[in-house]
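Based on the hints, put chain B in the right spot on chain A.
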Amino acid sequence: MSEPVTIAITGLHRGDNPQPGASVIRSMRRRYPDLRVVALSYDPLESGLYSHNIDHVDAIYLLPFPMKGPQILLDRMRYIHGKEKFQFLVPCLDSELDNFLTIYPELEKLGITAMLPSKAALDLRAKENLGGFCASHAIPGPKTYAANDVATLSRYAAEIGYPVYVKGKYYEAFLVYSQVDLAEHFDAIARVWGVPVLVQEALFGDEYDVVGLADGNSEVVGSCAIRKLLRTSSGKGFGGIVIDDRKLDSTVAQIIKSLRWQGPFEIEFLKMPRRPHLLFEINPRFPAWVDFPAQIGCNLPAYLLGLLRGEGAVKLERCDAGQMFIRHSLDLVADIAELAKLSTDGEYVAGPLAPKTEAAS
Amino acid sequence: MTRNKPHAGDGGSPTTRYRFYGDQFVLDTLSGNFYRVTPTAGFILRRLVAGTELGELVNLVAEHFKIDRSRALRDVEMFTSELRSLGIIESA
Chain A
1 MSEPVTIAIT GLHRGDNPQP GASVIRSMRR RYPDLRVVAL SYDPLESGLY
51 SHNIDHVDAI YLLPFPMKGP QILLDRMRYI HGKEKFQFLV PCLDSELDNF
101 LTIYPELEKL GITAMLPSKA ALDLRAKENL GGFCASHAIP GPKTYAANDV
151 ATLSRYAAEI GYPVYVKGKY YEAFLVYSQV DLAEHFDAIA RVWGVPVLVQ
201 EALFGDEYDV VGLADGNSEV VGSCAIRKLL RTSSGKGFGG IVIDDRKLDS
251 TVAQIIKSLR WQGPFEIEFL KMPRRPHLLF EINPRFPAWV DFPAQIGCNL
301 PAYLLGLLRG EGAVKLERCD AGQMFIRHSL DLVADIAELA KLSTDGEYVA
351 GPLAPKTEAA S
Chain B
1001 MTRNKPHAGD GGSPTTRYRF YGDQFVLDTL SGNFYRVTPT AGFILRRLVA
1051 GTELGELVNL VAEHFKIDRS RALRDVEMFT SELRSLGIIE SA
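Here the protein sequences come in this chain order: A and B. The first sequence: position 186 = 186 (the working numbering), numbered continuously. Take any residue in the second sequence, count from 1 to its spot, add 1000: that is its number in the working numbering.
Simulated from the structure, these hints should not be mistaken for laboratory data. All C-beta atoms in this analysis are idealised placements derived from N, C-alpha and C, irrespective of residue type, glycine included. It is possible that some hints are incorrect.
Claimed, not checked - Part of the chain A face toward chain B, derived, beta carbon under 8 Å: (1) 206; (2) 226; (3) 227; (4) 241; (5) 243; (6) 244; (7) 245; (8) 273; (9) 274; (10) 321; (11) 322.
What the hints assert, rightly or not - Pairwise CB distance ranges, derived in the manner of DEER restraints: (12) A:15 to B:1035: 31 to 39 Å; (13) A:247 to B:1068: 39 to 47 Å; (14) A:328 to B:1051: 35 to 43 Å; (15) A:257 to B:1024: 52 to 60 Å; (16) A:67 to B:1015: 48 to 56 Å.
To be verified - Some chain B residues flagged as far from chain A (calculated, every beta-carbon gap over 12 Å): (17) 1036; (18) 1037; (19) 1040; (20) 1041; (21) 1046; (22) 1055; (23) 1065; (24) 1067; (25) 1069; (26) 1073; (27) 1075; (28) 1080.
For reference, chain A alone in the conformation it holds in the complex:
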């Protein structure tokens, strides 16, 4: 009997700063309802681990934190693969990609396939390098500087002029109005995410977000552009509306070609009246709202799985402007026994509650 199609996936927490994993599962199961999913988790309380809906997972394994380095990750992946025999890997978090790229040749030897960008492309789009990338490709972007110490960062902030954003190299951004604020947030960010810490010009306008997938030739095979309609207090999109902006599409295609990117991406822009879109961030993964375009004809995660499986391309529809999403939080029911098993054993295969799968659409 052939092995079931199985993916391993990360980024399962859908709190107020939701990660993409659950949405990716949801989208993939819309086309592949029998897909088996192995969750790779950094925290037993990641909310997606407790879903019993279409985005449920079939097995859960805790991973070492990215700061532990690639060798410990490889050891753990070998163990998990030995038990689960998954064929495909879909990393959904920025901070883990360096390690996965390092161990990818070894994962390939195990028979695991993923669609990852090159290390060079990943580094070029890193927050600390994005300003240089924008300058060398004539792409408008906000003034951004990176520094390893607070004195240097303060000098950059003074040069830009307050207020400025202080940002971690992977996550978190704070708007600060003074040098005192800046120093405080530098310490907080450096403690969690390390250095460099970034300082960025604070610009205010409409935020635009493009999700897409690039093939091995750095061609954008599908994308969906939205304006953020609702934002959380930390600036995360909680609702969005599809736009039809061919110039923005061209800019995205140019960025992807310039980076020689392959795989999923999310590109964020800011737009002020009578000024071009400013490139704010390039994230090396699908965003948490990727299941929205999947429901209106542009199922990028399923397309990715098709590519990984070597299947023929399925046509992706262009998302119709005016379609919109609004995020809706739900309460999941779980049993402490699940948390106990996961916390003590570091793994959990099939829950005591049988998955109640929503009808696929």
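Coordinates of chain B only, in the frame set by chain A:
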């Protein structure tokens, strides 16, 4: 006289860029912004998007709302000025 024309943006023609939902709600598909407008503003905007020249538009407003032409001209100019500041129409 300034000639106003709706901004086509890059998503196609002005007629496809703007979508009307009844008389009082319009979506700009290029920017994703949407507006609640008064029936009068909706009347003017629909015709601007369809390519109606300003002079003809003033006549249409005067006729439709049964007001004199000078008042129609003032209303249309005030409204188009606001549209220009929002980047919805451009001066040519």
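> Does the CB of residue 274 of chain A sit less than 8 Å away from some CB of chain B?
Replying inline: Holds: closest Cβ of chain B sits about 6 Å from residue 274 of chain A, inside 8 Å.
Going by Cβ atoms, does residue 1065 of chain B stay more than 12 Å from chain A at every point?
holds, 29 Å
- Message: So, as I understand it, the hint says residue 321 of chain A touches chain B; can you test that by seeing if any CB pair is closer than 8 Å?
- Response: Hint on residue 321 of chain A: holds, closest Cβ of chain B at ~4 Å, below 8 Å.
Given the hint of 39 to 47 Å, check if residue 247 of chain A and residue 1068 of chain B actually sit that far apart at their C-beta atoms.
holds, 42 Å
Does residue 245 of chain A meet its interface restraint, that is, does its C-beta lie within less than 8 Å of any C-beta in chain B?
Holds, because the Cβ-Cβ distance from residue 245 of chain A to chain B comes to roughly 5 Å (cut-off 8 Å).
Does the claim that residue 1067 of chain B lies outside the interface with chain A hold up, using a Cβ gap greater than 12 Å?
holds, 32 Å
Given residue 241 of chain A as an interface hint, is its Cβ closer than 8 Å to any Cβ of chain B? Check passed: Cβ of residue 241 of chain A comes within 5 Å of chain B, closer than 8 Å.
### Task
Please settle this one: residue 1036 of chain B was flagged as non-interface, so is its CB more than 12 Å from every CB on chain A?
The claim holds: residue 1036 of chain B sits with its nearest Cβ about 15 Å from chain A, beyond 12 Å.
Residue 1069 of chain B remote from chain A - nearest C-beta pair above 12 Å: holds, 32 Å
Checking a non-interface call: every C-beta of chain A should be farther than 12 Å from the C-beta of residue 1040 of chain B. Is that right? Label holds. Min Cβ-Cβ 24 Å, cutoff 12 Å.
*asked:* Please verify that the nearest CB of chain A lies beyond 12 Å from residue 1046 of chain B's CB.
replied: holds, 17 Å
Q. Is the nearest Cβ of chain A still more than 12 Å from the Cβ of residue 1080 of chain B?
A. holds, 17 Å
Of the hints listed earlier, the one the structure fails to meet is number 15.
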